[in-house]
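**Student:** Go by the hints and put chain B onto chain A.
Chains A and B supply the protein sequences, listed in that same order.
What the first sequence shows, in my numbering, is residues 2 to 146, in sequence order.
What the second sequence shows, in my numbering, is residues 571 to 684, in sequence order.
Wrong hints could be hidden among the right ones.
Simulated restraints on C-beta separations [what the hints assert, rightly or not]:
| no. | chain 1 | residue 1 | chain 2 | residue 2 | range |
| --- | --- | --- | --- | --- | --- |
| 1 | A | K20 | B | K644 | 21 to 31 Å |
| 2 | A | L35 | B | K614 | 33 to 43 Å |
| 3 | B | D670 | A | D71 | 44 to 54 Å |
| 4 | A | T66 | B | Q656 | 23 to 33 Å |
| 5 | A | Y137 | B | S613 | 19 to 29 Å |
| 6 | A | V130 | B | Q592 | 20 to 30 Å |
| 7 | B | F669 | A | S10 | 40 to 50 Å |
In case anyone wonders, no lab produced these hints; they're calculated from the structure.
Backbone N, C-alpha and C define an ideal beta-carbon position, used for all residues, glycine too.
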Amino acid sequence: MAAELLRESFEIQGRNFDKAGEVSGEIKVILKDLGIDASYIRRVVIVAFEGEMNVVMYADRGTMTLILTDDDVNLEIKDEGPGIPDVELALQEGWSTASDEMREMGFGFGMGLPNMKKNSDEFRIDTEVGKGTAVYARVKLNANV
Amino acid sequence: MQLSEIKELLQCEVLTGEDDLQIDVQQVVASDGMSEILAFAKSKELMVTGLTNIQSIRTADIASVSAVVYCRGKRPDKKVIEFARQKRIPVLVTKMVMFDICGILYNRGLKGVS
Numbered sequence: 002m003a004a005e006l007l008r009e010s011f012e013i014q015g016r017n018f019d020k021a022g023e024v025s026g027e028i029k030v031i032l033k034d035l036g037i038d039a040s041y042i043r044r045v046v047i048v049a050f051e052g053e054m055n056v057v058m059y060a061d062r063g064t065m066t067l068i069l070t071d072d073d074v075n076l077e078i079k080d081e082g083p084g085i086p087d088v089e090l091a092l093q094e095g096w097s098t099a100s101d102e103m104r105e106m107g108f109g110f111g112m113g114l115p116n117m118k119k120n121s122d123e124f125r126i127d128t129e130v131g132k133g134t135a136v137y138a139r140v141k142l143n144a145n146v
Numbered sequence: 571m572q573l574s575e576i577k578e579l580l581q582c583e584v585l586t587g588e589d590d591l592q593i594d595v596q597q598v599v600a601s602d603g604m605s606e607i608l609a610f611a612k613s614k615e616l617m618v619t620g621l622t623n624i625q626s627i628r629t630a631d632i633a634s635v636s637a638v639v640y641c642r643g644k645r646p647d648k649k650v651i652e653f654a655r656q657k658r659i660p661v662l663v664t665k666m667v668m669f670d671i672c673g674i675l676y677n678r679g680l681k682g683v684s
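Isolated chain A (complex conformation):
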C-alpha cells in the first residue's frame, strides 16, 4: 500500500444548509494546491459534495476525511444519521427519501449516491439504521494502478 501523503478531517454540521458544501470547496482548493490533475479533482469533489449534502440533509453531524497517497485519493464520510435501510434501493437513480425542503435546495432527486459511486473507482457503504452511515470512496490517480 502506498504511503499516506496527507490526511485531514473536516467536521460537517448537519442541517446547516448555508454552510453545506464548504468542506468540499476546501478539499477542492487543497487538491488544486497540491497540483492534482483537474479531471481527478473533479471526480473527488463531486463525491465529496454529494456526500457532504447527504450528511447535511439527513444527519445531525458528520466528518469527512481526505486521505491522499501517491496512488489514490480517498474520502471517508461518516455521520450520526438515521442510516440507510436498503442500500441497494438507495443506489438506484431516482430513488429518494428527501423532504420538500431538501428539494427546494436543489438536492434530493435520487442522484446523490449514484453520482458518488459513478465517480469512484471503489465505493462502499457501511450503514446501520438508527446509528449512522459511513461511505468510503477511492479515486485512483493512475488508471494503471
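**Tutor:** For chain B alone, kept in the frame of chain A given last:
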C-alpha cells in the same frame, strides 16, 4: 459562442463577471436539480438554472462550469453573488424561462451534455 453573445441573445443582466464575457461556451447543462448538473457537466459548460441559493454556485464551482445563467428573472441574494465573484464564475440573469433559453441556444448551435 462567446458569453457576451449569449448575454445579448438572452437579454441578460450581468450580476458578476463583466470582465469575463469573452469566455467561449460550446455546451449547456440546464436543470434545477444540482445532482443532475453534477452528473452531466464535464467542465466549461454554461449552467442554466432557476435555483438561486448558495448551492447553485457551489455546484457550479464543483462541476467547473464556465458561467451561470439564472432564468425566470430569479435573482440570488448578495451573498451568493459575492461568492460567485470570489470563485470567478460569471453570473447572469434573464427574464426568459428555461425552455425558451434552451431553445434559443440550441438553435444557435449549442448542444447539451449527455
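**Student:** Next, verify each hint and record whether it holds.
**Tutor:** Evaluated hints:
1. A:K20 to B:K644: 21 to 31 Å: holds (22 Å)
2. A:L35 to B:K614: 33 to 43 Å: Between L35 of chain A and K614 of chain B, where Cβ atoms are some 22 Å apart, the hint is violated.
3. B:D670 to A:D71: 44 to 54 Å: Cβ of D670 of chain B to Cβ of D71 of chain A: about 50 Å, so the range 44 to 54 Å holds.
4. A:T66 to B:Q656: 23 to 33 Å: holds (26 Å)
5. A:Y137 to B:S613: 19 to 29 Å: holds (26 Å)
6. A:V130 to B:Q592: 20 to 30 Å: violated (53 Å)
7. B:F669 to A:S10: 40 to 50 Å: The hint (40 to 50 Å, Cβ to Cβ) holds, given that F669 of chain B and S10 of chain A are roughly 44 Å apart.
In the structure shown, a violation is registered for the earlier hints numbered 2 and 6, in ascending order.
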